[in-house]
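J.: Just so you know, the protein sequences line up as chains R and A, in that order.
Residue 618 is where the first sequence ends in the working numbering, and the numbering goes up by one at each step.
Residue 908 is where the second sequence ends in the working numbering, and the numbering goes up by one at each step.
Be aware that one or more of the hints could be misleading.
[Stated by the list, open to error] Each computed DSS-like pair below joins lysine-lysine, with the alpha-carbon atoms no more than 25 Å apart:
1) R:Lys-611 <-> A:Lys-716
2) A:Lys-719 <-> R:Lys-603
3) A:Lys-662 <-> R:Lys-610
[As the list claims (entries may be wrong)] Only some residues are given here: those of chain R computed to face chain A with a beta carbon under 10 Å:
4) Ser-363
5) Lys-372
6) Phe-378
7) Glu-447
8) Glu-449
9) Pro-458
10) Ile-459
11) Lys-610
[Claimed, not checked] Computed from the model, here is a short list of chain R residues facing chain A with C-beta under 7 Å:
12) Ser-364
13) Pro-365
14) Arg-367
15) Ala-368
16) Thr-376
17) Asp-380
18) Ala-450
19) Trp-452
20) Arg-455
21) Ser-456
22) Cys-457
23) Phe-614
24) Asp-615
25) Ile-616
Treat the hints as calculated values from the structure; they're not laboratory data.
The beta carbon of each residue, even a glycine, is placed where N, CA and C say it ideally should be.
Read off the chains here:
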Amino acid sequence: MQDIITLLTPRFRSIYNQGRASSGSGGIYKYILIISLGVSFWGGALYVSLRVLRYFSQIEEMGDILAFKLLSMVIITIFSLLIFSNILNALSKLYLAKDLKLVHSMPVHSYRIFLARWIETTIDSSWMVILYTLPVFVGYGWIYSPGISFYLITIISLLLLAIGASEIGSILVMAAVVIVPASRIRTLFVFLGLSLFILLYISFRILRPERLVDPEVFSATLFYFKSMSTPSSPFLPSTWCYDAVLAALKSEILIAYFHIIIALSFVLFVGFIIVFIADMVYFNGVSKAQTSAARLFGSARFRIPFTGWLSSPVRALVEKEIKTFFRDQTQWSQLFLIGALICIYIYNFKVLPLERSPIQTIYLQNMLAFLNMGLAFFVLIAITGRFAFPAISMEGEAIWIIRSCPINLNSFMWIKYFIYLFPLMILTLILIIGTNILLKVVPFMMVLSCINTIFIVPGVLSLGIGLGAAFPSFKSENPAQSVTSYGGLLFMILSALFIGVVIILQAGPVYMILSSQFKSKPLALFDIAWIGISFVGALLICILTTILPVKFGEKRLKKILFDIHS
Amino acid sequence: MIEIKDLTKQYGKLTAVDNLTLSIPAGEIFGFIGPNGAGKTTTISMIAGLLAPTSGSVEICGIDMLKEPKQAKQNIGYIPDRPYIYEKLTAIEFLQFTADLFSMTNSMTKEEFRQRAESQLKIFSLLDWADALIESFSHGMKQRLIMAAALIHEPKVLVVDEPMVGLDPSAIKMVKQMLIELADSGTTIFMSTHTLKIAEDVCDRIGVIHKGRLIAKGSVKELKQQAVLKRQAKNQQHENGDNVDLEQLFMMLTESEQI
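Bound conformation, chain R alone (with noise of 0.2 Å):
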């Protein structure tokens, strides 16, 4: 036990002394909006599963069984989120970290290694998880009132399932690596973003929220959620928490016990099989990760087209990003799981039931489109925030090439710019024009949406290049999850108030246009003033969101790579 608790040290010395050094005068202001952050999405949470909680208790008969079909719901999904972060984690913790060589080196069996990985693997897989669904569990003991045992229940009823699924993930990785050939191992990440494209799409689909706004489809909805009163698979550890949570819920304490020693046997005996299989394979697995990889896609000479028109500097670092890119495998998963994200959005458009709305249709539509305008750019700044924010990081302890060769800084910064500009712009233009051709929209709207997708894609990119230039962390073991830091947070937040002012100011001008078209009614001379100082508003904003960024994270970026303050 010893050696365990002395493996996992340096992890939280680590957090500890890194907390210590940013406790300065600007770390507070770090840990203020770190806080700040979290607790209004937890409050936001609540506040919303008090309102759909409300909303069931208003529907006699219904209400009940609606309300804890969707708490099996609730606690599948943690499950399943479990079980996937658990394995993405578990792969990188167990085989691939660059430390694995340091402590594999000492006089430790392997399996306390592994023990030690598998217990930092649970932490990090399952924090966010759980800290950020118990708003659901503290609505419902909100509105159901069920007293303090409720909460006590719930909470063991949560870790067991998080330390159950932390353990099924981690049979999986084990198995995974004793199947897999030696040098595809990093190729899982590849298939295990494409397994979940598939889960994502299929999950969603087989939910169709869409029959829900359709009148025609209710009568059999309501057979659908009869049957879904039944309950899940008995051998499923989501099914024991729920069991728990569910007796917990109308005071059944002795049943919810029984549920939880159920969990707690499952954790305890798949708890001593992952050792013992620990011990039979971790360490050949950990020998077979060091072989160099085989890759999906080899390191043949392969040209980039049309780059041949640029610099030799710019077209060194075009080739270089491109190349590096899509040789990383890793880049791969959250490619396949975009483009499942964009399936999903594109196809809700094709089967949302318009025609049967009660609103007139028209409205509607153009309505959606403006709605579906937003949207789109919070997808944007969520890809934005996966690929561009982390692009100057990227370059990691190598960045010395770019401060000893004789390319500015402001070049090597708008250079990755305009590398992520047009890939960022094609995808935002293929969301908004497919949506709004299914939408059937007016050509006004057509017009306007691509209009704004031209200005406000450069603007949202420059916030995520000068961000991610400004707080960088080139040390980092994976640069991709730098978004999830400050500086992260910070450009979701000015890239969400960017996208909304900009909006904003749209949106009154673009209702009296589209009142104007429909009842043929010609506006007002202060009416196309208003209309004029709000669209030329919206493009200033747009032009100064698109240069000043790249231009602070380019002075920033110069004070922390040459030390010149200028």
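We have chain R already, so just place chain A on it with the hints.
T.: Just chain A now, with coordinates in the frame of chain R:
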């Protein structure tokens, strides 16, 4: 070729490099030695344009590094002490990348570049791995590749931080020979090292830095004479009479400074 004037670098209250002045002519190999934390890497970083000085200046081939970094860097080949490079590129792609950054491929056809790159890889015994991804390279192979890349644009000044770290004996011998040949052809070399034997073997002049200050400078012979004088002043006896090697000299200089 390298003119350093009153170069100072401060990190808060700590003075990492203190008022350093040096002039290194074309074709000279200047060795920079000193204990850990003496300010060697900070000095090298300022010469290579990786770090801005707090005060003072660095000129490379008459170009001020602070005022015209792009032009100054065009004349430098820099070899860092730790071989971090883009792991997802192949060796030849990394050479192409470096050559493009230094705009040297503008004046060459693809075939000419390929020939030059391959001859460079051959010198560093990497030709067989030309199309292999760098992530599969050992530490020493990456170090050799960085050397090949630093020389691909035929720089007038070579700035090297700990050149022999991670190299095997035959590579060390080859690098020593190569440094001497480069200097003979007119390249100025500024090199920091912990390996005093290497400094003694290849350097025309050596500077000893300690706590940010240059405490001794001269050829190996001159430094040895200085050491002898110091010893005589302190009336120290030595089993080898007045013969001191560079290691003893280094210890004497840095220890006496510590006292």
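J.: The structure should be examined with respect to each hint, and the outcome stated for every one.
T.: Hints versus structure:
1. With a C-alpha separation of about 16 Å, the suggested pair R:Lys-611 and A:Lys-716 falls inside the 25 Å cut-off, and the hint holds.
2. Restraint check for A:Lys-719 and R:Lys-603: satisfied, since their Cα atoms lie roughly 19 Å apart, inside the 25 Å limit.
3. Proposed proximity of A:Lys-662 and R:Lys-610 is supported: the alpha carbons are some 21 Å apart, at most 25 Å.
4. Hint status for R:Ser-363: holds, given a least beta-carbon distance of 7 Å to chain A, under 10 Å.
5. The beta carbon of R:Lys-372 comes within 5 Å of a beta carbon in chain A, closer than 10 Å, and the hint placing it at the interface holds.
6. Hint on R:Phe-378 holds. Least Cβ distance to chain A is approximately 8 Å, under the 10 Å limit.
7. Hint status for R:Glu-447 relative to chain A: holds, with the closest Cβ pair at about 8 Å, below 10 Å.
8. The criterion of a C-beta within 10 Å of any C-beta in chain A is met by R:Glu-449, whose closest approach is roughly 4 Å, and the hint holds.
9. With a cut of 10 Å, the hint placing R:Pro-458 at the interface with chain A holds, because the nearest CB-to-CB distance is about 4 Å.
10. Given the 10 Å rule on beta carbons, the hint for R:Ile-459 holds: about 6 Å separates it from the nearest Cβ of chain A.
11. A least Cβ separation of about 9 Å between R:Lys-610 and chain A falls short of the 10 Å threshold, and the interface hint therefore holds.
12. Because the smallest distance between the Cβ of R:Ser-364 and any Cβ of chain A comes to about 4 Å, under 7 Å, the interface hint for this residue holds.
13. With a least beta-carbon distance of about 5 Å to chain A, the hint placing R:Pro-365 at the interface is held under the 7 Å criterion.
14. Using the Cβ-Cβ criterion of 7 Å, the hint placing R:Arg-367 at the interface with chain A is satisfied: the shortest such distance is roughly 6 Å.
15. Here the hint on R:Ala-368 is kept, as its CB sits about 3 Å from the closest CB of chain A, short of 7 Å.
16. At a threshold of 7 Å, the smallest CB-CB gap from R:Thr-376 to chain A is about 4 Å, leaving the interface hint in force.
17. Hint on R:Asp-380 holds. Least Cβ distance to chain A is approximately 6 Å, under the 7 Å limit.
18. Hint status for R:Ala-450: holds, given a least beta-carbon distance of 5 Å to chain A, under 7 Å.
19. Nearest Cβ of chain A to the Cβ of R:Trp-452: about 5 Å, under the 7 Å cut. The hint holds.
20. The closest approach between the C-beta of R:Arg-455 and any C-beta of chain A is roughly 4 Å, which is under the 7 Å cut-off, so the hint is satisfied.
21. The interface hint given for R:Ser-456 is met, as the beta carbon of that residue sits about 4 Å from the closest beta carbon of chain A, less than 7 Å.
22. Against a cut-off of 7 Å between C-beta atoms, the interface hint on R:Cys-457 holds, since the closest Cβ of chain A lies about 4 Å away.
23. Taking 7 Å as the C-beta contact cut-off toward chain A, the hint placing R:Phe-614 at the interface holds, the least distance being around 5 Å.
24. For R:Asp-615, the interface hint holds, the least distance from its beta-carbon to any beta-carbon of chain A being 5 Å, beneath 7 Å.
25. Proximity of R:Ile-616 to chain A holds as hinted, the smallest CB-CB distance being about 4 Å (cut-off 7 Å).
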